[in-house]
Amino acid sequence: MYERSDGEKSQFYFKKIRKLLLLIVFAIIVLACGFNTALVLFSYIDGNSIFTNRYPTSIPGIDDQFQCENSNRTWRNHKCWDYKHDPSF
879 MYERSDGEKS QFYFKKIRKL LLLIVFAIIV LACGFNTALV LFSYIDGNSI
929 FTNRYPTSIP GIDDQFQCEN SNRTWRNHKC WDYKHDPSF
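In the working numbering, the protein residues as written are 879 to 967.
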């Protein structure tokens with residue numbers, strides 16, 4: 879059977895260690911880039927901004943301009959609009 883010499887063994891282990899180190903460095907770079915990307919994306923997302931902003935909402939139960947304006951709402955395009963509700967209304 880063929881037996882490797884000490885020089886061949888050390889060269890074989892050196893190649894293995896070099897490949898392993900390259901793999902570890904590559905994994906660290908990928909993880910660091912992914913972590914930084916996630917931080918940037920999460921900095922743009924504000925979970926409460928949806929519920930703190932107010933949007934105009936048509937009130938379906940009010941069909942009369944007088945009733946709409948008496949309830950401190952706006953009558954526009956034959957609809958009663960309220961500007962005090964969030965999107966979860």
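Calculated from the structure, these hints are not laboratory results.
Treat the hints with care, as some may be off.
[Said to hold, decoys possible] Calculated cross-link-like contacts (lysine to aspartate or glutamate; reagent style EDC-like; alpha-carbon spacing at most 20 Å): (1) Lys962 - Glu947; (2) Lys957 - Asp942; (3) Lys962 - Asp941; (4) Lys897 - Glu886; (5) Lys894 - Glu881; (6) Lys893 - Glu881; (7) Lys957 - Asp941; (8) Lys897 - Glu881.
Model, not experiment: these values are computed from the prediction.
Results for each hint:
1. Taking the CA atoms of Lys962 and Glu947, the gap is near 14 Å; set against the 20 Å cutoff, the hint holds.
2. Our distance criterion of 20 Å between C-alpha atoms is met by Lys957 and Asp942, whose separation comes to about 8 Å.
3. Restraint check: the Cα-Cα separation between Lys962 and Asp941 comes to about 19 Å, which is no more than 20 Å; the hinted pair holds.
4. Distance restraint check for Lys897 and Glu886: the Cα-Cα separation of roughly 17 Å lies within the 20 Å cut-off, and the hinted pair is therefore satisfied.
5. A distance of roughly 19 Å separates the Cα atoms of Lys894 and Glu881; the hinted pair therefore holds under the 20 Å criterion.
6. Of the pairs offered as hints, the one joining Lys893 and Glu881 holds, with about 18 Å between alpha carbons and a cut-off of 20 Å not exceeded.
7. At most 20 Å may separate the alpha-carbon atoms for a hinted pair to count; Lys957 and Asp941 meet this at roughly 7 Å.
8. A distance of roughly 23 Å separates the Cα atoms of Lys897 and Glu881; the hinted pair therefore is violated under the 20 Å criterion.
The structure fails hint 8 only (numbered hints given earlier).
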